[in-house]
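Novice: Model the full structure from these sequences, guided by the hints.
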Amino acid sequence: RKEVEQDPGPFNVPEGATVAFNCTYSNSASQSFFWYRQDCRKEPKLLMSVYSSGNEDGRFTAQLNRASQYISLLIRDSKLSDSATYLCVVNGRDTDKLIFGTGTRLQVFP
Amino acid sequence: DVKVTQSSRYLVKRTGEKVFLECVQDMDHENMFWYRQDPGLGLRLIYFSYDVKMKEKGDIPEGYSVSREKKERFSLILESASTNQTSMYLCASSLVSAGHETQYFGPGTRLLVL
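Residue numbers (our numbering), protein chains in the order written: chain V, 333 to 442; chain H, 16 to 129.
If you are wondering where the hints come from, they were derived from the structure by calculation, not from laboratory data.
Just so you know, not all the hints are guaranteed correct.
Pulled from the structure, derived: some chain V residues nowhere near chain H, Cβ distances all over 10 Å [claimed, not checked]:
hint	residue
1	G348
2	T393
3	L396
4	N397
5	G433
6	F441
Under 10 Å between C-beta atoms, here's a sample of chain H residues computed to sit facing chain V [said to hold, decoys possible]:
hint	residue
7	V19
8	F48
9	Q52
10	G57
11	R59
12	F63
13	G73
14	A107
15	E116
16	Q118
17	P122
One side only, chain V facing chain H, incomplete, derived with CB under 8 Å [stated by the list, open to error]:
hint	residue
18	E375
19	P376
20	L378
21	L430
22	F432
23	T434
24	G435
25	R437
Beta carbons: idealized from backbone N, C-alpha and C, even for Gly.
Specialist: If you want it as structure tokens, here you go:
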């Protein structure tokens, strides 16, 4: 079983739609959770950290479910500029390292 | 703004060549990392370093070595390049413990080994 698993997509949604991605992780001791965004042929960049109580940043909402070991990302009112690959990131068994999921690709169309 | 730079965006090398990939960060970060990214496999950690002259193996260190002689610079060395090392190489840095701090990435080096 992979340490971090994501649906690769692609998710094709129209502008203005709401879309959600889930990610599962295998290490129940993980303490740090993040969503990174990676544009085509570019480097990953932090989108948001994920906190236990859930957190929101504008149109983006992140949730953590420790019991089921998954995190989610909700994007409301999708924009064309949201088209990218979203990487789920969790700290691993060696807690000083980050484990990256393979990413979920989102394509927003007009 | 944190800036992580990598010496080349694109490299083409021949099998057996020694390859040097350089990474420099300008934010006085303690930690630096080298990853490779391949389709369907995501980012995989090759080596990382918590301090000058210190290095730790990541998940896939075979065929690679690293050097950190100065805090701001972390080099990845392919001792004898092979075709299966064709990949996108990403350098990253973070201020403190990687598990709890954001990693900032360089723009990546696309390496093709012929």
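Novice: Would you mind marking each hint as holding or not holding in the structure?
Specialist: Here is what the structure says about each hint:
No beta-carbon of chain H comes within 10 Å of the beta-carbon of V/G348; the shortest separation is about 30 Å. For V/T393, the requirement that its beta carbon stay farther than 10 Å from each beta carbon of chain H is met, with the minimum near 19 Å. Its beta-carbon lying about 15 Å from the closest one in chain H, V/L396 satisfies the requirement of being farther than 10 Å from that chain. No beta-carbon of chain H comes within 10 Å of the beta-carbon of V/N397; the shortest separation is about 20 Å.
The beta carbon of V/G433 is not kept farther than 10 Å from every beta carbon of chain H, the shortest such distance being approximately 6 Å. With a least CB separation of 23 Å from chain H, V/F441 remains clear of the 10 Å interface cut-off, as annotated. Given the 10 Å rule on beta carbons, the hint for H/V19 holds: about 8 Å separates it from the nearest Cβ of chain V. For H/F48, the shortest C-beta to C-beta distance to chain V is roughly 8 Å, which falls under 10 Å, so the interface hint holds.
The restraint placing H/Q52 at the interface with chain V holds, with a minimum CB-CB distance near 8 Å, inside the 10 Å limit. Evaluation of the H/G57 hint against chain V yields a held restraint, the C-beta minimum of about 4 Å falling below 10 Å. Given the 10 Å rule on beta carbons, the hint for H/R59 holds: about 8 Å separates it from the nearest Cβ of chain V. Satisfaction of the interface hint for H/F63 is found here, the shortest Cβ-Cβ separation to chain V being roughly 7 Å, below the 10 Å cut-off.
Here the hint on H/G73 is kept, as its CB sits about 7 Å from the closest CB of chain V, short of 10 Å. A cut of 10 Å between beta carbons decides the hint on H/A107: the least distance to chain V is about 8 Å, and the hint holds. Because the smallest distance between the Cβ of H/E116 and any Cβ of chain V comes to about 9 Å, under 10 Å, the interface hint for this residue holds. Interface hint at H/Q118: satisfied, since its Cβ lies 6 Å from the closest Cβ of chain V, which is below the 10 Å cut-off.
A distance limit of 10 Å between C-beta atoms decides the matter here; for H/P122 the minimum to chain V is near 5 Å, and the interface restraint holds. At a threshold of 8 Å, the smallest CB-CB gap from V/E375 to chain H is about 4 Å, leaving the interface hint in force. Given the 8 Å rule on beta carbons, the hint for V/P376 holds: about 5 Å separates it from the nearest Cβ of chain H. Hint status for V/L378 relative to chain H: holds, with the closest Cβ pair at about 5 Å, below 8 Å.
Residue-level restraint check for V/L430 holds (minimum Cβ-Cβ distance to chain H is 6 Å; threshold 8 Å). Interface restraint check for V/F432: the shortest CB-CB distance to chain H comes to about 4 Å, inside 8 Å, so the restraint holds. The beta carbon of V/T434 is positioned within 8 Å of a beta carbon in chain H (closest approach about 4 Å), and the interface hint is therefore held. For V/G435, the suggested interface contact is upheld, since its CB lies about 7 Å from the closest CB of chain H, less than 8 Å.
At its closest, the beta carbon of V/R437 sits 11 Å from a beta carbon of chain H; the interface hint therefore is violated under the 8 Å criterion.
Hint check: violations occur at hints 5, 25; the rest are consistent with the structure.
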